Amino acid sequence: MDSVDSEISARMLTARAKLARTRPGSPPFVLDVSIEVPRGITILFGPSGAGKSTLLDCIAGLARPDEGRIVTGEKVLFDSDAGVNCPPRARRIAYVFQTLALFPHLSAEQNVSYGLNGLPTEQRAARVLEILKAFRVDKLRTSKPAEISGGERQRIALARSLVTQPHVLLLDEPLAGLDAELKASIVEDLRAWNAASRIPILYVTHVREEVDALGERVIAMDQGRVLSTGTPAEVLEAPRHRRLAQAAGFENLLSGTVVDLSVADGVMRVRLEDSRCEIEVPLGYAAAGDRVRVAIRAGDILLASSRPLGLSARNVMEGRIVAMEPRGTLVRARVDCGVEFVVHLTPGAVRTLELAGGIRVWLVLKTHSCHLVEE
Amino acid sequence: MDALLLSFRLALCVSAILLAGGLPLAYWLAYSNWRGKFLLEAVVALPLVLPPTVLGFYVLIAMGPRGPLGKAWQTFFGHGLAFTFEGLVLASVLYSLPFAVQPLIASFESVDQKLLDASAVLGAGRLRTFCRVILPLSIPGLITALVLSFAHTMGEFGVVLMVGGNLAGVTRTVSIDIYDHVQSLEYAKANRMALVLLLISFAVLSVVYAVNRQVGRQIGRRLWTPWTAK
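Protein chains in written order, with numbering that gives the first Met the number 0: chain A, 0 to 374; chain B, 0 to 229.
Hints should not be assumed to be uniformly reliable.
[Unchecked claim] Lysine-lysine pairs mimicking DSS-like chemistry, simulated, CA-CA at most 30 angstroms apart:
#1 A:K17 with B:K113
#2 B:K36 with B:K113
#3 A:K143 with B:K113
#4 B:K113 with A:K74
#5 B:K113 with A:K132
#6 A:K143 with A:K74
#7 A:K132 with A:K143
#8 B:K113 with A:K138
[Said to hold, decoys possible] Negatives, chain B to chain A, calculated, CB over 10 angstroms:
#9 L38
#10 L39
#11 L49
#12 A117
#13 F129
#14 G154
#15 V169
#16 Y178
#17 V181
It is worth saying that the hints were derived from the structure and are not from the lab.
Quick caveat: nothing in here was measured; it's all calculated off a predicted structure.
Ideal placement from N, C-alpha and C gives every residue a C-beta, glycine not left out.
Construct the complete structure from the given sequences, taking the supplied hints into account.
Rendered as structure tokens:
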């Protein structure tokens with residue numbers, strides 16, 4: 000067991016970084032995080048401006064933390080106390096930028112072999128061909144980046160980074176702008192490649208769906224701090240912070256006042272906003288009279304066209320449809336129950352129930368679909 | 000015709016020296032974070048605003064037998080610097096410096112910072128990044144710098160007159176020659192020379208503007224590809 004543990008820790012990336020940035024005209028930004036990235040894919044999730052890219056820049060050596068310590072395995076890359084600051088070129092950290100930054104004047108093959116400077120020509124060519132095949136872009140060897148389509152450019156950028164056999168891979172929203180199918184196929188190729196080398200991969204995204212598709216572990220960040228760490232389910236299904244809930248796709252974020260608590264049942268009643276509308280939510284660290292915030296997914300709310308009876312769900316609220324907005328394959332309904340809820344419906348349901356603006360409806364909501372979030 | 004050949008020789012020497020010296024200087028000016036950088040930028044740009052006579056005057060003083068440059072040259076080569084071809088080259092290099100350095104700075108600065116970051120994380124040092132990323136992407140700037148310093152040297156008059164004087168075959172360049180012809184009322188000869196200079200200047204500037212268009216950029220890259228592709 001010991002040897003396995005030490006091998007795992009030998010490849011772990013640990014980073015602690017503090018960095019203050021002031022720009023004229025905008026509030027000062029402070030990054031203050033401490034993260035551990037084991038082998039495999041770890042998602043760094045958070046809204047834009049959370050400091051995700053700045054953290055990656057610190058790890059890669061492109062930005063210098065005011066204070067901190069960055070270690071891969073046994074190798075200290077940065078240590079403000081010991082005065083260690085390894086230059087980016089010697090860190091063996093691969094970094095795929097959001098813009099990919101492929102060299103426009105070099106062919107795909109030349110781009111990929113750029114980082115293999117020290118190798119003899121034959122070995123170099125063999126390694127380049129191998130990885131181009133692994134990412135299924137070997138046919139594009141002689142093409143320039145401008146002649147290559149979006150998804151294939153991403154594959155080439157990945158190949159260029161991984162061919163150098165890095166100790167850590169940093170990915171800054173590398174698949175932004177690709178459709179889901181293409182994304183999944185590239186991620187599969189990345190996983191397949193990493194099955195052999197098993198390095199820590201830190202994958203930055205602000206897209207909720209990517210977290211579900213990739214996630215083994217998630218680190219959620221906002222405003223320069225780490226909010227929570229865990230599996231995607233732990234971090235995103237029950238977000239504990241308002242900004243994170245917004246980013247994770249909770250359409251309904253309502254504030255309210257705790258009316259009473261029933262500790263034995265593990266629930267409490269919350270009056271929403273300043274309306275008469277009261278809902279039952281899971282028990283939280285709150286006392287009667289406290290202000291709390293409740294996050295509810297629009298897809299977690301049931302809508303009925305007549306008063307439902309005999310349900311286990313504890314929250315049934317009467318209201319009126321304010322507006323219906325088609326959004327691709329779903330319809331976004333706004334329902335006024337004293338406070339306004341956003342509910343997602345299928346177009347079929349809208350037709351069957353003959354829903355339209357002004358109609359009286361009932362909303363049904365399970366207690367555990369209501370999540371308490373911190374400010 | 001001697002004068003024209005001399006001007007060509009001078010312009011070639013000056014462009015070559017400016018390219019060799021301008022690249023590191025422009026690199027430093029484009030990427031250095033030194034706070035006093037603006038001082039050097041101002042010095043480089045001085046020839047743009049100074050009358051050639053002012054520049055020529057001080058260069059002449061420095062090159063004279065009692066000037067620091069003149070003395071040093073005397074010690075190493077056994078003859079003075081003023082009124083020689085070498086002295087003329089030196090003065091012209093100073094005079095054309097901004098025409099070489101400023102296009103280079105502009106094109107270095109237009110290279111996407113992310114490409115430089117990418118090069119660094121792929122293990123390349125500064126020199127390799129410069130040779131394999133910055134330089135190939137600055138081909139239009141490089142051509143502009145070369146052509147402008149060549150053309151500017153071809154057409155200079157004031158500095159040559161101050162520093163070089165008017166020695167046939169040594170320092171009598173086209174512009175001085177034209178001036179001589181006009182002084183002695185040989186308008187036909189003056190016209191012939193002036194027309195040649197006008198056409199050369201026009202051709203050279205056309206090249207600069209063509210290079211700065213998209214088409215020119217591609218030509219530039221193609222020119223460079225055999226050098227960098229391995």
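Evaluation of the provided hints:
1. A:K17 with B:K113: holds, 23 angstroms
2. B:K36 with B:K113: Holds, at about 23 angstroms.
3. A:K143 with B:K113: Roughly 18 angstroms separates the two Cα atoms, so the pair holds.
4. B:K113 with A:K74: Within the cut-off at roughly 26 angstroms; holds.
5. B:K113 with A:K132: Distance ~26 angstroms between K113 of chain B and K132 of chain A Cα, so the pair holds.
6. A:K143 with A:K74: violated, 36 angstroms
7. A:K132 with A:K143: holds, 17 angstroms
8. B:K113 with A:K138: holds, 26 angstroms
9. L38: holds, 24 angstroms
10. L39: The claim holds: L39 of chain B sits with its nearest Cβ about 26 angstroms from chain A, beyond 10 angstroms.
11. L49: holds, 36 angstroms
12. A117: violated, 4 angstroms
13. F129: Fine: 13 angstroms to the nearest Cβ keeps F129 of chain B off the interface.
14. G154: Holds, since 33 angstroms exceeds 10 angstroms.
15. V169: holds, 44 angstroms
16. Y178: holds, 45 angstroms
17. V181: holds, 49 angstroms
Consistency with the previously given hints fails for numbers 6, 12, ordered from lowest to highest.
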